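S.K.: Going down the list, the sequences are from chains D and Z. Note that numbering that gives the first Met the number 0 has the first sequence beginning at 0, numbered continuously upward. Note that numbering that gives the first Met the number 0 has the second sequence beginning at 0, numbered continuously upward.
Be careful, since some hints might not be right.
Claimed, not checked - Rough simulated footprint, nothing fancy, chain D against chain Z, three-plus residues with beta-carbon under 8 Å:
1. 10-22
2. 117-123
3. 127-133
4. 207-217
Said to hold, decoys possible - Using 20 Å as the maximum straight-line C-alpha spacing, the simulated SDA-like pairs for lysine to any residue come out as follows:
5. 116/D to 69/D
6. 159/D to 238/D
7. 240/D to 128/Z
8. 196/D to 255/Z
9. 240/D to 156/Z
Said to hold, decoys possible - Chain D stretches covered by chain Z per the calculated footprint, using a threshold of three residues with CB under 8 Å from any CB of chain Z:
10. 38-48
11. 201-213
12. 253-262
13. 381-390
Bear in mind the hints are in silico, worked out from the structure with no lab data behind them. The model shown is predicted, which means the values in this text are computed figures rather than measured ones. Every residue gets a Cβ at the ideal spot worked out from N, C-alpha and C, and that includes glycine.
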Amino acid sequence: MKLPMKLRLAAFAAAATVAFAAQAANELKIGFLSTLSGPASALGIEVRDGFNLALKLAGGKLGGLPTEVVIADDQLNPEVGKQLTERLIKRDRVNLMTGIIFSNVMLAVWPTIEESKTFYIAPNSTPTRISGEGCSPYFFSASWPNEGHHEAAGHFAQSKGYKNAYLIAPNYPAGKDALTGFKRSYKGNIVNEMYTKVNQLDYSAELAQIRAAKPDTLYAFLPGGMGINFIKQFVASGLSKDIQLVLPGFSADQDVIRAVGEPMLGLFDTSQWAYDLDNDANRKFVAEFEKTYNRLPTLYAEQGYTTALIIDQAVKAAKGRVEDMKTFRASLMRAPTQVKTPRGDWKAAHNGTPIQDYYVRVVSKDDKGRIVNKKIGTVMNAHTDFWAKDCKLK
Amino acid sequence: MSTILLLEQTLNGVQFGLMLFLLAAGLTLVFGIMDMINLAHGSLYMIGAYLMASIAGVTGSFWVALPLALVATALVGVALEVTILRRLYERDHMTQVLATFALILIANEVVRLIWGSQPIMLNGPAGLAGPVELPGGIQYASYRLAIIGVGLLVAVLLYLLVTKTRVGMLVRAGASNREMAVAMGVDIRRLFTAVFAIGAALCGLAGAMLGPILAVQVGMGENILILAFVVIVIGGIGSIRGAFVGALLVGLVDTMGRALLPLFFATLFPPMVASNLGPSLSAILIYVLMATVLFFRPQGLFPARG
Chain D
0 MKLPMKLRLA AFAAAATVAF AAQAANELKI GFLSTLSGPA SALGIEVRDG
50 FNLALKLAGG KLGGLPTEVV IADDQLNPEV GKQLTERLIK RDRVNLMTGI
100 IFSNVMLAVW PTIEESKTFY IAPNSTPTRI SGEGCSPYFF SASWPNEGHH
150 EAAGHFAQSK GYKNAYLIAP NYPAGKDALT GFKRSYKGNI VNEMYTKVNQ
200 LDYSAELAQI RAAKPDTLYA FLPGGMGINF IKQFVASGLS KDIQLVLPGF
250 SADQDVIRAV GEPMLGLFDT SQWAYDLDND ANRKFVAEFE KTYNRLPTLY
300 AEQGYTTALI IDQAVKAAKG RVEDMKTFRA SLMRAPTQVK TPRGDWKAAH
350 NGTPIQDYYV RVVSKDDKGR IVNKKIGTVM NAHTDFWAKD CKLK
Chain Z
0 MSTILLLEQT LNGVQFGLML FLLAAGLTLV FGIMDMINLA HGSLYMIGAY
50 LMASIAGVTG SFWVALPLAL VATALVGVAL EVTILRRLYE RDHMTQVLAT
100 FALILIANEV VRLIWGSQPI MLNGPAGLAG PVELPGGIQY ASYRLAIIGV
150 GLLVAVLLYL LVTKTRVGML VRAGASNREM AVAMGVDIRR LFTAVFAIGA
200 ALCGLAGAML GPILAVQVGM GENILILAFV VIVIGGIGSI RGAFVGALLV
250 GLVDTMGRAL LPLFFATLFP PMVASNLGPS LSAILIYVLM ATVLFFRPQG
300 LFPARG
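Bound-form chain D, shown alone:
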């Protein structure tokens, strides 16, 4: 039965209005792409748990809108990440994306996200390529610029007066970036810069050389299993008595502590957050996390939690208009100053990365005898991403 032309046009207009209205978010769909399987999955799981906790505490709504989180597992594989990103954006039509842990996946999927004009809020990886020259209004980081922890560690080593530093990292781009960041702020003598094999098992040769070189401090960027191997062997060799080991926070948090235990006591690490930070938002975060998941949170969990808080504040301020680039970006940029996050006060730089404090933590026991990471000082105040200078955004 053919409808008369006017009726057809009216029906079409009605349908179009309904479709368009459904677009102007009365619910929020977030694509959460992360590493949830394989040896490195602990990190993705921590971020996801932190994110979900904030969502739960907000009653399942971010920015006042019922929120659906579509979770996808990139398996630490850039190709898989790319396919999943396309599916999340094109088929699931998510309004926002978040979740990526590793820089190789991040760099592989970023062009797809940027082209689709979808906002990405980083709970972890914030590569210098995207925060510097390649900066974009669609990228916002709620974690840290990639070199932040390493620069903080360099500052710390400098401030403690360590004259001779030995550096060690795996021989791949993130390893080189880490040591570049450290060297930027450490002004003492670099005894040696050693690059090891990715996924190397045995560090006895390297440890023997470190012993012979007699540095006063050792900075090691060895993520995941590599770090666990190295720390265990470092302590077993007796070197921990003469050489102070300094690590970036992600190599020394609860997940590594659970795997290594007592040998880690006395080690220093740098982080944007510590479990014993003295503010209400943090006390609430740690207590709720322990109650919900039966374990202490790591800095990854804080990053996931803060990401959800930022999204909540920004969506609220933009009144749900996440497709409006200028409005939503402005709300994102203002969000850190409007909501209380566990890490304390911070704000966003013009390239979308945090300007925040970095703390030094020491692995020690708390009064319940648990091994924790206690804050012992602040090593960088209101620190801005070094590469922000290359970003032409306003």
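Following the hints, put chain Z in place on chain D, whose structure we already have.
M.R.: Just chain Z now, kept in the frame of chain D:
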């Protein structure tokens, strides 16, 4: 580089080699006797480490847990052999690779289901936690000396088993000519199960001994499995002696490469080039070694089959 450092690096190489020997011995037996490529060997190593961690956690003692973990891993190995692997003996190597690769994936997920996806703690005995002073003033981790001791003990025991016992004789017969051994009335099924149980126990030992110095995590078997295969290819499939020599070679070449190559390049090239070239080259050195050995001796250094 001083003499002391050179001596220490040699000791490191021997220790790393003996670590690999623990794993390679079982692998070469299975490959040599049953002509089966068993990629799940690394998974048995992982299961050994996880079982050790759990049992040590429950009993509170490393030395009490060690034999228990060995037996438990051997049982898992036997269960695996009787149910799944037995059906693969007659198949071609490609099928075996595919099937045992699937076992790796399944084992990883099962371990993750039981123990969670985060690495777990396995610490050595408290008495071996620190270094000892060796003659010459070398400070050496006492636990690594324990690994050297265990590795040498296993080498001696395996040698005695293979050369001096009846079971060993059957194993050698099966390795050099399986059909003839069957024709001579050897109960090949029981022999295979026994060999696999020994191999699994060795994996368990390797996992339990290496757990305290390496991360106990899902997928820990894959990295070391590759090295174990390089060892048995260099040493000769089916030969325990080959596995021993091959493991020591790989351990020494890899360690000395990592220790000496960067220094060597630093004298020849500007620092920027040296710091890139050194680590990259030392990473591939053992594969260069394998290629060189295969070029001159395609069957490996001590092939079991004549």
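S.K.: Does each hint fit the structure? Answer for all of them.
M.R.: Against the structure, the hints:
Given as covered by chain D, the stretch 10-22 of chain Z passes the check, having 5 residues with a CB less than 8 Å from a CB of that chain where 3 are the minimum. Under the rule that three or more residues need a Cβ within less than 8 Å of chain D, the assignment of the stretch 117-123 of chain Z holds, with 6 such residues. By the rule of at least three residues with a Cβ nearer than 8 Å to a Cβ of chain D, the coverage given for the stretch 127-133 of chain Z holds, with 3 such residues. Here's how the stretch 207-217 of chain Z fares: 7 of its residues keep a CB closer than 8 Å to some CB of chain D, so the rule of at least three is met and the hint holds.
Note on residue 116/D and residue 69/D: the hinted pairing holds, with a Cα-Cα distance of about 18 Å set against a maximum of 20 Å. Of the pairs offered as hints, the one joining residue 159/D and residue 238/D holds, with about 19 Å between alpha carbons and a cut-off of 20 Å not exceeded. A threshold of 20 Å between alpha carbons decides the hint, and for residue 240/D with residue 128/Z the separation of about 13 Å falls inside it, so the pair holds. Restraint check for residue 196/D and residue 255/Z: the C-alpha separation of about 14 Å stays at or below 20 Å, so the hint holds.
Under the criterion of a C-alpha separation no larger than 20 Å, the hint pairing residue 240/D with residue 156/Z is inconsistent with the structure, at around 38 Å. With 4 residues carrying a beta carbon less than 8 Å from a beta carbon of chain Z, the stretch 38-48 of chain D meets the three-residue requirement, and the given coverage holds. Under the rule that three or more residues need a Cβ within less than 8 Å of chain Z, the assignment of the stretch 201-213 of chain D holds, with 8 such residues. Under the rule that three or more residues need a Cβ within less than 8 Å of chain Z, the assignment of the stretch 253-262 of chain D holds, with 8 such residues.
For the stretch 381-390 of chain D, the assignment as covered by chain Z is violated, since 0 residues bring a beta-carbon within under 8 Å of that chain's beta-carbons and 3 are needed.
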